Every structure is written in C-alpha cells, then in structure tokens.
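Once you've looked at the hints, dock chain R against the given chain D.
Number of protein chains: 2
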Amino acid sequence: MSKIELNKRQEQILNIVKDNGPITGEQIADRLNLTRATLRPDLAILTMAGYLDARPRVGYFYTGKSGSQLLTDSLKKIVVGDYQSIPVVIMEDVSVYDAIVTMFLEDVGTLFVVDKSSHLAGVLSRKDLLRASIGKQELTALPVNIIMTRMPNITVCKKEDLLIDAAKKLIDKQIDALPIVKEAEQGLEIVGRLTKTNITRAFVALADEE
Amino acid sequence: MSKIELNKRQEQILNIVKDNGPITGEQIADRLNLTRATLRPDLAILTMAGYLDARPRVGYFYTGKSGSQLLTDSLKKIVVGDYQSIPVVIMEDVSVYDAIVTMFLEDVGTLFVVDKSSHLAGVLSRKDLLRASIGKQELTALPVNIIMTRMPNITVCKKEDLLIDAAKKLIDKQIDALPIVKEAEQGLEIVGRLTKTNITRAFVALADEE
Numbered sequence: 001m002s003k004i005e006l007n008k009r010q011e012q013i014l015n016i017v018k019d020n021g022p023i024t025g026e027q028i029a030d031r032l033n034l035t036r037a038t039l040r041p042d043l044a045i046l047t048m049a050g051y052l053d054a055r056p057r058v059g060y061f062y063t064g065k066s067g068s069q070l071l072t073d074s075l076k077k078i079v080v081g082d083y084q085s086i087p088v089v090i091m092e093d094v095s096v097y098d099a100i101v102t103m104f105l106e107d108v109g110t111l112f113v114v115d116k117s118s119h120l121a122g123v124l125s126r127k128d129l130l131r132a133s134i135g136k137q138e139l140t141a142l143p144v145n146i147i148m149t150r151m152p153n154i155t156v157c158k159k160e161d162l163l164i165d166a167a168k169k170l171i172d173k174q175i176d177a178l179p180i181v182k183e184a185e186q187g188l189e190i191v192g193r194l195t196k197t198n199i200t201r202a203f204v205a206l207a208d209e210e
Numbered sequence: 211m212s213k214i215e216l217n218k219r220q221e222q223i224l225n226i227v228k229d230n231g232p233i234t235g236e237q238i239a240d241r242l243n244l245t246r247a248t249l250r251p252d253l254a255i256l257t258m259a260g261y262l263d264a265r266p267r268v269g270y271f272y273t274g275k276s277g278s279q280l281l282t283d284s285l286k287k288i289v290v291g292d293y294q295s296i297p298v299v300i301m302e303d304v305s306v307y308d309a310i311v312t313m314f315l316e317d318v319g320t321l322f323v324v325d326k327s328s329h330l331a332g333v334l335s336r337k338d339l340l341r342a343s344i345g346k347q348e349l350t351a352l353p354v355n356i357i358m359t360r361m362p363n364i365t366v367c368k369k370e371d372l373l374i375d376a377a378k379k380l381i382d383k384q385i386d387a388l389p390i391v392k393e394a395e396q397g398l399e400i401v402g403r404l405t406k407t408n409i410t411r412a413f414v415a416l417a418d419e420e
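Chains D and R, in that order, are what the protein sequence lines are.
Note that our numbering has the first sequence beginning at 1, numbered continuously upward.
Note that our numbering has the second sequence beginning at 211, numbered continuously upward.
Isolated chain D (complex conformation) (with noise of 0.2 Å):
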C-alpha cells in the first residue's frame, strides 16, 4: 500500500483519459503535444495505482478510483471472521443476578440470549444490566427475558460480512457488539460475537501488518 501524490501531468492524463476514454497513448501524446515515449513512464504509473485500466487494440479507460477508493478496496478485503470473538450465551430464564455473574466471568460486555431450540431470541448489554441493577426489583427474581433486547430489534451480522460495514452498523446503532449468526430452518443460530474490540484490533494491526 502506498499512498501516490500525481504530478501535474498525470493529472492532466487521468482528465484526458475521463473525458475521453477509451483512448490510445498515441492520443492522448497528441493532445498534450508530447512524445508517446514521455508519456510512458506516466501511463504505466496511472495504470499500476489503478487510476486507469489498458486494454489493447482499445486504449486506456478511467477505472473510475480515485486514490482513496483503492485504500477502500483494500480495506473491503478484511471480513468479520478475521476479527470475531468467541459468543457468550445464556438462556431466556436466566436471572439478570446470573447474568451479571456470568458477564464478569467470562469477562465480556456483551451476552446472547437463546430460546429453548438455542435460537437468538435477545442481547444484552452492561448497560442494560446496570439499568436493571438500580431498579426496584429483585435481581435474582428477575429474568434476563424481561430486559433483554429482543428479535427483530436485534441488529446481526454473518461471518462473512465486510468488517467495514459491521462497523458501520455498530456506529449507526450506537451498540457495543453484533450476533454474528448463521440462518438455520426455525431461526438464527450465534456463531460469534463481534465487538468494538475487534474493531479496535483490526484497526492496529492495519498498521502492524508487515
């Protein structure tokens, strides 16, 4: 990866090339008034970042990336199994007592709720736990079923979702963590769990990787 600051003249190519692509090296040399030869070096520098595709017989065509969009084609190579984390599940009847139990032990911020056929029935979360920690009721009295955000209000993602797109939906729902699940015949089966964390870690070793 490697970020390429066009000169003027290539930039002068890639508007020729947009406005009036497919277009031959000879061509373009004409407009410019310079030699196919200086515009060599150029063409293929355009054509190896990806700013402009060749095809012979044809010419040159605008790929239609600006710089930016070939960082985006790299970052839509990393999909959420890459970074995923192991899924914390409880069942409905659960008291939000266990729960917060179990949260501390298995040290995550977020848990899955499954029915009886082990399907995603709810999520919670530290806050909603918090929520109900400051409540009137009784902790131990209270089930998970009660508090827990519940299908279809459950915001999922699948194992091969784009990692970028899953961290969008984290930003628009303003939530800690998504189900990564699996459609099975009577509902949806968890088979991950994908949080701001993992965000976090796909982010360093974007700059880590060798």
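Among the hints, erroneous ones may be present.
To be verified - Derived BS3-like pairs (lysine-lysine); straight-line CA-CA distance at most 27 Å: (1) R:K379 to D:K127; (2) R:K392 to D:K169; (3) D:K159 to D:K182; (4) D:K127 to R:K337; (5) D:K77 to R:K287; (6) R:K228 to D:K168; (7) R:K337 to D:K169; (8) R:K286 to D:K77; (9) D:K77 to R:K379; (10) R:K346 to R:K287.
Note that these hints are calculated values from the structure, not bench results.
Predicted, not measured: the structure shown is a model, and the values here were computed from it.
Chain R in isolation, oriented as in the chain D frame:
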C-alpha cells in the same frame, strides 16, 4: 492511496538497490543488461510509490519501506485529537448511585473522576459500577473514590498522540476508554475522552474518505 503490485523487474531493481544502494540508474541498468531508458518507468514507479528515494549525483537508495509500511505512514498522520469525544467528569465524593445516573444521562461508558483542584483522580467504567451494584453496599452512601481505578494505575493519552498508539493502549490494557490529558502544575487536566467507539469511527472513516 493505492495498492501497487510490483512486477518481476521492479522486484529485481528493489533487490539491487537494497543490496548496493546508493546506486545510479545506469549502474542498475548495467546489472540487468538493459538500457537506462527501458528502466525509467520502473524507477519512476518505485520512487513515486515510496520504495526508493533518489538524490542527484548520489543515485537511488532504498527507503526501507515495504508497501504496508507506507500504509502505516498514512495511518500515522491520524492523531487522537482528530477523533476525541467530550469527557464527562464527576467529583470524587459523589455516590456510586449518582455516578450511575450520570452515566445514563450523559450516555457514556466511562466517567472520569477529579479531585478538588479539578485534576484527574480516577476512572469509572460501566464494569466498575456494575460490580459495585451487585455488592452488599448501599449505592447512595458509597463514594466513587472507593471503587474507582486511581492514579498511577490510570492509562492516559494526549491530544497529539497517534491514534494508532492510543488504540494499542486500549487493547493492551483491556480498557474501554482513555482520558485525554494535559499536564498542569499539580497534576493532569482532563481535556477529552477517547473510546473504542472513536477508534471504530476512525476505521469506518478510512473506507469513507474521498
């Protein structure tokens, strides 16, 4: 930003310069039994992409940067101040109950605690408050300075720190937020808050920026 796939000849040039740099274009051409003119596009690409640098009368030398290190270079322009949030601060004699209420009113996951001279004294996470809330104590009578993480165990960052370094701290210390501080005469002044949400926003912005 763009991904450059080097061709075989460019890889050869890179290796020659790595082993023999600084080296002139003519000398590289000699070693490859090619003319200087033939190499010109390749040398231009390698230089523009940041793999090589050239100095007049000296020749080409290897910058030591791999393709992904060049991405790192661009990530290294993002600082904490570009993505920070506003800090939410409470006094150290406030009750845990009031801290929980403040957390909900302000909709944050971490509170910073200050002493009488407004300097950083502690940090309170949702996890700290949840732990206290299932304890035996009366939350309205328990001051936050009993349960908070206190100096010198608080990990901090500064506005001008690299976002990538702050993200590493969040991962390494397994915490959700860092206070952004400024050194004052008698302690640390809190000027911002950096969370995994901010890092997730930065990650999403990498793909969005035009």
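How the hints compare with the structure:
1. R:K379 to D:K127: 23 Å, holds
2. R:K392 to D:K169: 33 Å, violated
3. D:K159 to D:K182: With Cα atoms ~8 Å apart, D:K159 and D:K182 stay inside 27 Å; holds.
4. D:K127 to R:K337: 9 Å, holds
5. D:K77 to R:K287: 23 Å, holds
6. R:K228 to D:K168: 41 Å, violated
7. R:K337 to D:K169: Holds, at about 23 Å.
8. R:K286 to D:K77: Holds, at roughly 21 Å.
9. D:K77 to R:K379: Between D:K77 and R:K379 the Cα gap is close to 26 Å, so the pair holds against 27 Å.
10. R:K346 to R:K287: Cα-Cα ~48 Å, so violated.
Violation of the numbered hints given earlier is confined to hints 2, 6 and 10; the remaining hints are satisfied by the structure.
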